[in-house]
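First to last, the sequence lines map onto chains A and B.
Each residue of the first sequence is one higher than the last, beginning at 0 in numbering that gives the first Met the number 0.
Each residue of the second sequence is one higher than the last, beginning at 0 in numbering that gives the first Met the number 0.
Honestly, I wouldn't trust all of these hints.
Stated by the list, open to error - If we take Cβ atoms under 8 Å as the criterion, some of the chain A residues that face chain B in the derived model are:
{"id": "1", "residue": "E26"}
{"id": "2", "residue": "I72"}
{"id": "3", "residue": "A75"}
{"id": "4", "residue": "E126"}
{"id": "5", "residue": "T128"}
{"id": "6", "residue": "R131"}
{"id": "7", "residue": "W132"}
{"id": "8", "residue": "D133"}
{"id": "9", "residue": "P134"}
{"id": "10", "residue": "Y139"}
{"id": "11", "residue": "G141"}
{"id": "12", "residue": "T142"}
Said to hold, decoys possible - Label-pair ranges, simulated between beta-carbon atoms:
{"id": "13", "chain 1": "B", "residue 1": "P146", "chain 2": "A", "residue 2": "R52", "range": "46 to 56 Å"}
{"id": "14", "chain 1": "A", "residue 1": "P88", "chain 2": "B", "residue 2": "E157", "range": "47 to 57 Å"}
{"id": "15", "chain 1": "A", "residue 1": "A36", "chain 2": "B", "residue 2": "P146", "range": "34 to 44 Å"}
{"id": "16", "chain 1": "A", "residue 1": "P19", "chain 2": "B", "residue 2": "N85", "range": "30 to 40 Å"}
{"id": "17", "chain 1": "A", "residue 1": "P134", "chain 2": "B", "residue 2": "N150", "range": "22 to 32 Å"}
{"id": "18", "chain 1": "B", "residue 1": "R52", "chain 2": "A", "residue 2": "E107", "range": "22 to 32 Å"}
{"id": "19", "chain 1": "B", "residue 1": "G38", "chain 2": "A", "residue 2": "P19", "range": "18 to 28 Å"}
{"id": "20", "chain 1": "B", "residue 1": "N150", "chain 2": "A", "residue 2": "P136", "range": "24 to 34 Å"}
{"id": "21", "chain 1": "A", "residue 1": "G95", "chain 2": "B", "residue 2": "G78", "range": "51 to 61 Å"}
Calculated directly from the structure, the hints in this document are not laboratory data.
Glycine included, each C-beta is placed from N, C-alpha and C at the ideal position.
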Amino acid sequence: MRIATIGLAATALVLACSGPLEGERVEKPTFDWRFVAEAADVTFATADGQRFRRVEVAPLVHDGELYLYGQTIFSANDSALDAVLAGDPLEMQVDGRVYPLAATRLTETADIERVLPTLVRQGMGIEATGIRWDPEPERYPGTQVRQWFFRLRSPGRVDD
Amino acid sequence: MRWILRAAFCFVLVLAVAFVAVFGGAGPITFLPGGVLWGETREPPADWSFTDRVGEIQVQTHVGPLPWSVTTWVMSVDGDLFIAANDCDRVWTHRVMDDPDIRLRIDGVIYEMQAHRESDRSVGARVAPVVLAKYMGIGVDSANWVPGEQNGCVFRVEPRT
């Protein structure tokens, strides 16, 4: 009986830390995400409520466009990241509102380099010149953290 | 009543095992700090460039009489060695600032060293490009930390005098 009680409590704790994001849902497409850069607390989850656990994620806003940057030093996979990589929708909670999002992974160097200045300046507090994507530098073999870049947009947004 | 006593006993036992494991030499694991770093001790080399292929190292300081070790990043820049913390308000960074004697474990080898915090902008200009290239895969022509916009800190590591 005690084991069952402890098990139930643990399950309740896990469920309390997952589940869909709560807040006013914003279904109208958003085109300018600059307010996200100013927000103090931004939370991401998959549409079915999975949180990123092993991957540290952060929003990047560049020219009003929204991006998701993820990194981890862990070798194990993250179920939320796996879901997003598989094309599952994402949700973002900002200031009590929940925004449904579609994520597109960036793999082209030019696309990634577009957001690197924002990552370096805002994410790391570094000012730099000549920023370029060099994921496997010859001098530093295999020392890089695992990283992912996604462009996030409101689902169904039609503008290009 | 007996199950409460058994639970309390198990709790104390787990705490004791954890204490011995951590401070007895289990070493740090990812974000979790550890205790004594074990390994063959060698004299510090003149050239630290071999650390270019080493992602993470362990640093041992102490909290009171207890050893305290963490995992962190290491940068070799033109013959000088640096370690960094992305948050300078950590137990180990405060301890190193109080007592610069540290032990480094790199690839299983222990080096007895001293670490001193660097706040000179010229050092930042040398170390920031290495951090970006080595850990983020970001090449730059030049880089430096923006004053007051990050919480991290850098320590220069040198042989003990």
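Hint by hint, here is what the structure shows:
1. E26: 36 Å, violated
2. I72: 7 Å, holds
3. A75: Cβ of A75 (chain A) sits 11 Å from chain B, so the hint is violated.
4. E126: 5 Å, holds
5. T128: Interface hint status for T128 (chain A): holds (5 Å vs cutoff 8 Å).
6. R131: Status holds, d = 5 Å.
7. W132: W132 (chain A) check passes; min Cβ-Cβ to chain B is 7 Å, inside 8 Å.
8. D133: Holds. Min distance 4 Å.
9. P134: Holds - the Cβ of P134 (chain A) comes within 8 Å of chain B, reaching about 4 Å at its closest.
10. Y139: Status holds, d = 4 Å.
11. G141: 7 Å, holds
12. T142: 4 Å, holds
13. B:P146 x A:R52: 46 to 56 Å: 34 Å, violated
14. A:P88 x B:E157: 47 to 57 Å: 52 Å, holds
15. A:A36 x B:P146: 34 to 44 Å: 20 Å, violated
16. A:P19 x B:N85: 30 to 40 Å: 31 Å, holds
17. A:P134 x B:N150: 22 to 32 Å: 26 Å, holds
18. B:R52 x A:E107: 22 to 32 Å: Taking Cβ atoms as reference, R52 (chain B) and E107 (chain A) lie about 28 Å apart, which means the hint holds.
19. B:G38 x A:P19: 18 to 28 Å: 48 Å, violated
20. B:N150 x A:P136: 24 to 34 Å: Hint holds: Cβ distance 26 Å, inside 24 to 34 Å.
21. A:G95 x B:G78: 51 to 61 Å: 53 Å, holds
Violated hints, listed in ascending order, are 1, 3, 13, 15 and 19; each of the other numbered hints is respected by the structure.
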